[in-house]
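A.B. asks: Starting from two chains that each stand alone, build the complex the way the hints lay out.
The listed protein sequences correspond, in order, to chains A and B. With my numbering, the residue at position 58 of the first sequence is 58, and numbering never jumps. Residues are numbered in my numbering as their position in the second sequence, beginning at 1, plus a constant of 248.
Hints are supplied without guarantee of correctness; some may be wrong.
What the hints assert, rightly or not - One-sided and incomplete, this derived list gives chain A residues near chain B with beta-carbon spacing under 8 Å: (1) ARG58; (2) VAL60; (3) ASN64; (4) GLN68; (5) ILE69.
If you are wondering where the hints come from, they were derived from the structure by calculation, not from laboratory data. Glycine included, each C-beta is placed from N, C-alpha and C at the ideal position.
Residue-level listing of the chains:
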Amino acid sequence: MFVRGLKRKCFDGEEDIEGTLAGFKAIPSYNLQRQSLLDMSLVKLQLCHMLVEPNLCRSVLIANTVRQIQEEMTQDGTWQMINTQSAGQTSLDRLVSTDILCRSSKEQAEGKLVPVYSTFTKDCEGTQSQDNSEIMSTVTSPQVPKNLQSNMWEMENPQENRGNFQKSLDQIFETLENKSPNTVEDLFSEVDNSYYDLDTVLTGMMSNTKMGHCDLETFPSQTSTNSKSNCKSDLNELDHIVEILVES
Amino acid sequence: HASALPAENVNTRQRFPCCGLLRLFNSQCSTTATDIISTVEFNHTGELLATGDKGGRVVIFQREQESKNQPHRRGEYNVYSTFQSHEPEFDYLKSLEIEEKINKIRWLPQQNAAYFLLSTNDKTVKLWKVSERDKRPEGYNLKDEDGRLRDPSMITMLRVPVLRPMDLMVEATPRRVFANAHTYHINSISVNSDYETYMSADDLRINLWNFEITNQSFNIVDIKPANMEELTEVITAAEFHPHHCNTFVYSSSKGTIRLCDMRASALCDRHSKFFEEPEDPSNRSFFSEIISSISDVKFSHSGRYIMTRDYLTVKVWDLNMENRPIETYQVHDYLRSKLCSLYENDCIFDKFECVWNGSDSVIMTGSYNNFFRMFDRNTKRDVTLEASRENSKPRAILKPRKVCVGGKRRKDEISVDSLDFSKKILHTAWHPSENIIAVAATNNLYIFQDKVN
Chain A
1 MFVRGLKRKC
11 FDGEEDIEGT
21 LAGFKAIPSY
31 NLQRQSLLDM
41 SLVKLQLCHM
51 LVEPNLCRSV
61 LIANTVRQIQ
71 EEMTQDGTWQ
81 MINTQSAGQT
91 SLDRLVSTDI
101 LCRSSKEQAE
111 GKLVPVYSTF
121 TKDCEGTQSQ
131 DNSEIMSTVT
141 SPQVPKNLQS
151 NMWEMENPQE
161 NRGNFQKSLD
171 QIFETLENKS
181 PNTVEDLFSE
191 VDNSYYDLDT
201 VLTGMMSNTK
211 MGHCDLETFP
221 SQTSTNSKSN
231 CKSDLNELDH
241 IVEILVES
Chain B
249 HASALPAENV
259 NTRQRFPCCG
269 LLRLFNSQCS
279 TTATDIISTV
289 EFNHTGELLA
299 TGDKGGRVVI
309 FQREQESKNQ
319 PHRRGEYNVY
329 STFQSHEPEF
339 DYLKSLEIEE
349 KINKIRWLPQ
359 QNAAYFLLST
369 NDKTVKLWKV
379 SERDKRPEGY
389 NLKDEDGRLR
399 DPSMITMLRV
409 PVLRPMDLMV
419 EATPRRVFAN
429 AHTYHINSIS
439 VNSDYETYMS
449 ADDLRINLWN
459 FEITNQSFNI
469 VDIKPANMEE
479 LTEVITAAEF
489 HPHHCNTFVY
499 SSSKGTIRLC
509 DMRASALCDR
519 HSKFFEEPED
529 PSNRSFFSEI
539 ISSISDVKFS
549 HSGRYIMTRD
559 YLTVKVWDLN
569 MENRPIETYQ
579 VHDYLRSKLC
589 SLYENDCIFD
599 KFECVWNGSD
609 SVIMTGSYNN
619 FFRMFDRNTK
629 RDVTLEASRE
639 NSKPRAILKP
649 RKVCVGGKRR
659 KDEISVDSLD
669 FSKKILHTAW
679 HPSENIIAVA
689 ATNNLYIFQD
699 KVN
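Same shape as in the complex, but just chain B (with noise of 0.2 Å):
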């Protein structure tokens, strides 16, 4: 039953002939979280994607195997575990909570039967153990079947416990906690390419774990002054890159990102490279280092490139090119005009995530009002889309979304001053090697699926 739409959308005017963005189709209105879901992730091969929320919870879902029956099945992605990942704590010394809302997930790649990914909130990181129990042992001596043990003097014969099936369940065991190494709030964590270290960051210091190791990391960047009056920059995020486990980057509150080469010393205090976009004179306020800001980068699959989402914009830089980027694209620059009721209501402190597609061809960032967007790198086209149960009834074709920046209003268009900002799609994910994307907007998950065929 599900509908046939036709080949061409008679309410699209516009072609994205690129990676058929033109037909992605609201494959299932999600599930609700009870929480405000604050990060979305899919692993190494898009068969599991996990969600983190305000509340501590992860919720991993996982991807239907196709089904001659249920053709049109195929491809959603159903819930496969639930687990709470970090309680709320407090820290009696200085009398502050320590919220347990999950910060990041960032999976590990498959190496056995069970599926490993790190969770973290502000202060502590998390290694969980995600496996499959659809057998159980049965028969054993020294204790029935309801576990109690036996009277020894009871048993007169031995025999060998077999392994009988049982209902498929999924468990969650913490098998690693790496905590207080962080004294301010990770924003950021990042698996290494030799699968045996990754990075926490925080908003002065970036420290280097190694899987086994929960009592102790290396710190590799550090930049607390030594006079706290003199803060002015934080980091933001931090990468490592993809295939190269010695290098990775970091973004900072002032629009810079420093590219570290840890084998150029124990400390990476000096950058091997510096990305910064000289500053346009004709643009500057009060608010330009605010909007300049870093609040996500991104390593393209192939290692070649890194992308920045600043408050206005989404750049593309080359690894090989450090004074500007070699693309820039605007997310909703009619905010421009609006920066100071932006301030005032926090919203310009809003942090959004961007993400690459798995050809590094397509890049999607998060907006206002439940838009998000999407830019071709090849076509240079570009789309805003809405993730909302009012538009998007299931199945249904993504229909383009405009805002109208001034003058007269479209039928279809929404006007800058109606956009809003309570609705913020901040994460995005996109999976590794298909068409397929999971938006986050607040307490809702959506997943968009290109249709083929």
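One chain only, chain A, in its complex shape (with noise of 0.2 Å):
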């Protein structure tokens, strides 16, 4: 579990691990804790590659903790740091590789968690229950597909509302369905449906947020990053996914 990984990496002899704020060496754990619960559950509320409809009160209740997290982090000033430093662009990038990433290497491996933990680790070695140390190392920028993303940039006129398009994460973020051009319907119309929920959350926040002017070149440039930008781009992504939650 997580948290024994944190006690042997980490914090030798750390024994209270559970969330006190008590002293400067408990910060950091409590920290590394909610970002590994705000990893999880982004996780866990991307995970519908199920036939059936996904449950909606488990949907609801993971979305709830994520906006818990993220309140909390915009209270204590984590959210803000972390805003102020990045720019808006790359992090667009940064979301339009992730969802490449994701959406190739989940559409071979059918859906595992692996891939899906690897846009935000490195080197996953490929169980749900890594450390948390691996979930919080660097991550390298994944190599991106020039012809996909060209095909995600020219995909750019809106579309009618999809209807009764009604799995449980989508009915949370409908408001992309009403927004944003229906870009992931005609380009991933071979994908399985399963993974729609991801491709919603993310390039819909990409057509929100007028990605057709990214500049690609910016990409490789963030192949340098360290665990701090990587806490960063994992809450950039989140900002985003929770800009939709809340409606910033």
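C.D. replies: And the structure:
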């Protein structure tokens, strides 16, 4: 479990991991724990590779948890610090690449958890119960297949509401249906429907924020990252997701 | 050859004088269903016990009549009828499968020789008629015994068909299908005390039906926000008041219960009563909301109380007091420190049900490791029992179990880390008047009875 991983790698002899903020030492562990919970929640929301409609109650509860974490991060300043440090454009590039990586690797792996995690972690060993330290490790910018990206940029005309598209996550993010172009529908019509949700979340956000103007050239510049910017990019991702949630 | 067990079981250190809980014995180690049992329900007399499973099948058990010849078989439940209630469907518009899993079964009170029950999956409610046939007509004029039509020119005389006995046959026929009224997944159905209407509740809406009318239903609760991104709360369970046909309650994922009066308005968006316990700030965590989500709500037989089940507790509320429950029972508080792991493996979203006994003095709910718990409201005693083949020989008295929370583990105790979270008891039922309980443990149905005499 990630708690044990925390103990082993970061805090030898650290006892109270469960979230008390007493002392300087405990604070990073709480943040790591919270970040890990956030990552886990995002993954849970995105994992809808089922033939059956996902459980709406579960999705709502997880989404509320995500919102709760975001609110707390906003309050203690972690959120704002992250936001001011990164430009909106770079975050969009990151989203693009992440999405494509997610999608293609997901297609290959037929919807296993592993490839989704690989967007957040480097050298993911492949099990859901990996150490928290792995989750927090640096992420190298994924290689973006150029042809896929160009396809994304081309899709710009908005379309009508998709009608009865009612997977549970989509219900939560229904605003995307109304606002964003139906680029996902066109581009990924061959793709297993179960990946809709991840695509909707990420590409919808990209469309909303006028990604068409993004400069692909900026992408390689993100190859060098450190753990701090890794947190940043995760949070940027969350930022966009939660933007939709809280309609900021 | 039934073993004559001593009145005082030496294994039992604790005495539970309430309703003979001490002497619950394993009356039947069940039939193993091919599928996971998803709902269990006694009918109003307790004569019948229905189970629904993940494969859409309904199995009805009937209690054996008392017989002088075989006194030890008194009260055993035997299979009475089996039928396929729901089939898997495919929603072509959304490219989604509709599971055939039976979410709930509710019996109608018996009004004639036939039995009626409602069974529902995620989208469709069906009314089934279960009836016996032990006679068949013979001696038709126009057709012969095999059913073939006779040549009219060969008929020289008329006769009156007579009913002759035949082997008992129990047949189940679908009498009504209530479909296309729910966009979201149905989690509850409840028969009204007027016996003419019932309600079905999904994540966001509750509909009122008349049993005779299948092509329309009234929407009585709708909590769907205009903007779906504002959705933060869903309906988790709903039930009619046992005596007042205008009153019902529904619970939410935020741990609240709303009592509504249908006389107030057509759309019961405004509740008459709102039950919510203030949050304990010392126990607050990121999981607080999830574990407060109510998975089941049940009126007491008296109609004075409601019982709710959330992840760690069972609460009893007085209808006249909205600001807090009158009783709170800890089901498995040792899991409080494991919430993150349980969130990761999704167990935290398990929906446990809860039931009252016939006199509303004892409540029961399930837990993990095939454990289930009973709480006596009067004596405040509780017991943990296990439904498993290994530990319950037929007719053996159930031994109380104990989970060790830390420190030294005694011989019969089990430590928290050894609990099997894949063995969860979500569905239980209590006979309406006797101390007979039915416990569904994954594929197995256990029936335990109170050993009297």
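A.B. asks: Tell me if the interface restraint on A/ARG58 is satisfied: Cβ within less than 8 Å of some Cβ in chain B.
C.D. replies: At 5 Å from the nearest chain B Cβ, A/ARG58 passes the 8 Å test, so the hint holds.
A.B. asks: Using the nearest Cβ pair, does A/GLN68 come within less than 8 Å of chain B?
C.D. replies: 6 Å, holds
A.B. asks: Under 8 Å is the threshold here; is the Cβ of A/VAL60 close enough to any Cβ of chain B for the hint to stand?
C.D. replies: Interface hint status for A/VAL60: holds (5 Å vs cutoff 8 Å).
A.B. asks: Can we keep the A/ILE69 interface hint, with Cβ of chain B closer than 8 Å?
C.D. replies: Interface hint status for A/ILE69: holds (7 Å vs cutoff 8 Å).
A.B. asks: With a cut-off of 8 Å on the beta carbons, see whether A/ASN64 makes it to chain B.
C.D. replies: At about 6 Å, which falls below the 8 Å cut-off, the nearest Cβ of chain B leaves the hint on A/ASN64 intact, so it holds.
Of the numbered hints stated above, none is contradicted by the structure.
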